[in-house]
Amino acid sequence: MVDNAELMIEIKDLDITFKMATGDVHAIRGVDFCLRKNEVLALVGESGCGKSITVKTIMGILPENAVINSGEVIYHENGKETDLLKKHFSWRQKNINGSNISMVFQDPMTSLNPTMTIGAQLITAIRDHEKVGKMESYARSVELLQEVGITDPERTMEQYPHQLSGGMRQRIVIAIALSCNPRILICDEPTTALDVTIQNRILDLIQNIQRSRGISVIFITHNLGVVTKIADYVGVMYAGKIVEYGTVFDIFYDPKHPYTWGLLSAIPEGSDDKSDLYSIPGTPPNLAEEIKGDAFAPRNPYAMTVDFKAEAPAFKISDTHYAATWLLDDRAPKTEMPAALRERIERMKQEGRDYVKNEE
Amino acid sequence: MAGYLGKRLMISVVTLLFILLILFLLLQFMPGSPFNDEKLSVEQVAVLKQKYGLDKPVIVQFFRYLGNMVRGDLGVSYSLSPNTPITDLLKNRFPVTIKMGFASMMAGTLFGLILGFLTAFFGNRILTFIYNLLTLLGIAVPSYLFAMGFSYVLGYKLKLFPLLYDFRAAGITQVMPVAAMSLGVMAVIARFAKAEASEVMKSDYVQFAKCQGLNNSTIILKYILKNSLMPVITVMAGLLVGLLTGSLVIEEMFSVPGVGSLLTNAISANDYSVVIALSFIYSLLYVVVMLILDLLYCLIDPRVRLGGKPE
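First to last, the protein sequences are chains A and B.
Going by this note's numbering, the first residue of the first sequence is number 2, and it counts up by one from there.
Going by this note's numbering, the first residue of the second sequence is number 379, and it counts up by one from there.
Since the hints were derived computationally from the structure, they do not count as laboratory data.
You may find that some hints are simply not true.
[Unchecked claim] Simulated pairs of lysine to any residue, SDA-like, Cα-Cα distance not exceeding 20 Å:
{"#": "1", "chain 1": "B", "residue 1": "K604", "chain 2": "A", "residue 2": "Q208"}
{"#": "2", "chain 1": "A", "residue 1": "K230", "chain 2": "A", "residue 2": "Q208"}
{"#": "3", "chain 1": "B", "residue 1": "K580", "chain 2": "A", "residue 2": "E159"}
{"#": "4", "chain 1": "A", "residue 1": "K57", "chain 2": "A", "residue 2": "E7"}
{"#": "5", "chain 1": "B", "residue 1": "K600", "chain 2": "A", "residue 2": "E131"}
{"#": "6", "chain 1": "B", "residue 1": "K385", "chain 2": "B", "residue 2": "P680"}
{"#": "7", "chain 1": "B", "residue 1": "K600", "chain 2": "A", "residue 2": "Q208"}
{"#": "8", "chain 1": "A", "residue 1": "K95", "chain 2": "B", "residue 2": "K600"}
[What the hints assert, rightly or not] So, partial list: chain B residues that the calculated Cβ filter (under 10 Å) puts toward chain A:
{"#": "9", "residue": "F402"}
{"#": "10", "residue": "Q406"}
{"#": "11", "residue": "K580"}
{"#": "12", "residue": "S581"}
{"#": "13", "residue": "V584"}
{"#": "14", "residue": "N594"}
{"#": "15", "residue": "K604"}
{"#": "16", "residue": "I678"}
{"#": "17", "residue": "D679"}
Note that the Cβ used here is the ideal one computed from N, Cα and C, for glycine as well.
Build the full structure now, drawing on both the sequences and the hints.
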């Protein structure tokens with residue numbers, strides 16, 4: 002379906018180190034993925050696995066102590082390929098950021114300028130990119146606010162961020178991000194800082210906007226429930242690498258990497274409250290130290306000797322599904338996912354079928 | 379806005395009344411009286427005290443003083459220059475001190491802001507070195523040392539500026555004292571400006587602005603400068619009053635006829651009314667400066683202006 006669709010952005014072999022007073026932290030250790038037109042890619046993983054750093058690289062807003070050792074961020078438009086990492090930041094500000102790629106931050110309480118009205122921030126966002134008159138940019142701002150579901154846009158235009166609630170502010174952040182009609186929207190945990198009751202509405206909003214505008218979305222989250230709702234593709238990140246990549250069905254119904262198994266087992270289920278909530282044993286590795294072999298090996302109950310010696314390459318399972326684990330090597334013993342997870346997936350599939358039946 | 383202003387004014391007035399009361403009580407506890415002359419007999423002192431109303435209970439004195447003050451009468455000097463109205467004593471001295479204080483403040487703030495913001499924006503090695511050197515010196519070295527240095531090098535050796543204050547050529551003779559006083563101000567302002575701007579540059583809203591691809595000029599002016607000015611304005615109040623009260627040594631060195639020397643003399647001579655008048659004027663200045671600052675906050679920060687409740 003989306004396989005042959007137009008490429009929007011490609012990340013190739015990204016490798017980033019942070020220079021810290023205590024030594025180097027190897028935060029991104031070879032990230033590859035691509036995003037196609039009209040597609041939602043979810044990046045999931047524990048805190049500190051490098052999700053945010055990856056998208057900050059796309060926006061060019063890495064902290065000063067970050068060093069990009071290697072990699073390319075290739076932006077595709079009209080058959081033209083541009084490696085963003087080779088461009089100066091001021092060029093990207095002018096030609097890419099805002100007008101082609103935009104980003105929504107995690108905390109709406111801090112992502113708006115406290116001393117400017119909402120209207121001024123929207124109008125600035127438009128007029129810094131396009132030569133349009135004040136009246137036109139005002140009208141466009143009002144339309145944007147309507148698009149993100151703000152009921153009294155004229156009034157909101159006059160207000161300051163501190164006069165609005167978190168959910169309203171996140172809607173406005175989204176409106177500003179959309180103000181110059183970007184082709185790619187990056188959402189860095191856009192619902193994490195919000196009230197649970199608001200989270201779903203913001204999620205719906207992002208989904209509706211993605212569909213109505215036909216844009217591509219990179220969605221960072223550690224909530225797997227959100228992933229099933231919104232994503233077409235999923236990249237599971239661990240310790241600065243994408244360890245499994247596939248469609249939402251690949252990842253949820255046929256996971257191959259033991260880390261993905263762990264993540265899926267750790268989703269709390271409302272139905273069987275008697276069983277203990279599973280958690281992956283151990284903690285993520287310290288990226289300030291050299292990692293020998295596979296980063297997940299020490300926490301991996303299925304780890305083999307080779308896991309401690311060499312990093313697994315990405316094995317291809319299908320055209321859309323890749324996983325970096327030695328378990329997929331021909332020489333590895335046949336290993337299946339844990340039985341409890343197998344049962345759980347069967348239940349999910351059944352629920353899915355019931356859902357489809359009810360819809361019909 | 380009007381309610382806020384009214385509340386602030388009320389608080390200011392009450393504060394000032396309270397300060398005046400404390401000043402009055404404190405001076406009662408000071409040893410001696412304005413009439414510490416050994417040649418005066420007990421009876422003569424009693425006559426003098428009666429003449430000036432110092433034999434009345436403190437609280438009566440306080441309200442009489444308050445009443446006179448409201449009418450613009452700060453009383454007369456008892457011992458420094460007997461029977462001269464204090465307003466006359468201050469008339470010529472105060473403007474000199476105020477002018478020098480404000481000039482130092484303006485110069486220090488201007489250069490401090492430039493130095494601090496430039497270092498925050500383009501923190502290259504040379505700029506950071508200059509910033510570190512100037513702020514370290516400005517904070518660690520007292521202003522009178524700068525004054526001595528300037529006097530020796532610029533005044534005595536190079537003969538660029540006159541060594542002593544002359545009210546007929548106030549402009550040029552003020553340059554050295556003002557420069558000496560403004561270095562400390564510059565250092566403090568520069569540090570605050572740099573720290574605050576660096577903090578704001580890391581903030582989410584500046585990162586978001588960058589992701590939106592806003593122009594650099596927009597980001598610097600509307601995002602960084604505007605949001606980092608608040609704390610800088612806050613320190614300015616203390617600095618300004620410090621300059622007005624702390625210029626004493628500098629006034630002495632350049633023989634500037636300001637109020638600094640008047641205050642020290644009055645304290646050692648137990649000249650109550652002069653001490654109270656000057657202390658009160660300093661307090662008044664402080665309160666007024668704070669009031670002006672609060673109004674400035676209102677202009678800069680909508681959270682203060684509009685009250686901070688989301689609907």
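Hints, verified against the model:
no.	hint	in the structure
1	B:K604 <-> A:Q208	violated, 35 Å
2	A:K230 <-> A:Q208	holds, 9 Å
3	B:K580 <-> A:E159	violated, 26 Å
4	A:K57 <-> A:E7	violated, 23 Å
5	B:K600 <-> A:E131	holds, 18 Å
6	B:K385 <-> B:P680	holds, 18 Å
7	B:K600 <-> A:Q208	violated, 32 Å
8	A:K95 <-> B:K600	holds, 18 Å
9	F402	violated, 43 Å
10	Q406	violated, 49 Å
11	K580	holds, 8 Å
12	S581	holds, 7 Å
13	V584	holds, 8 Å
14	N594	holds, 7 Å
15	K604	holds, 5 Å
16	I678	holds, 7 Å
17	D679	holds, 6 Å
In this structure, the hints that do not hold are numbers 1, 3, 4, 7, 9 and 10, in rising order.
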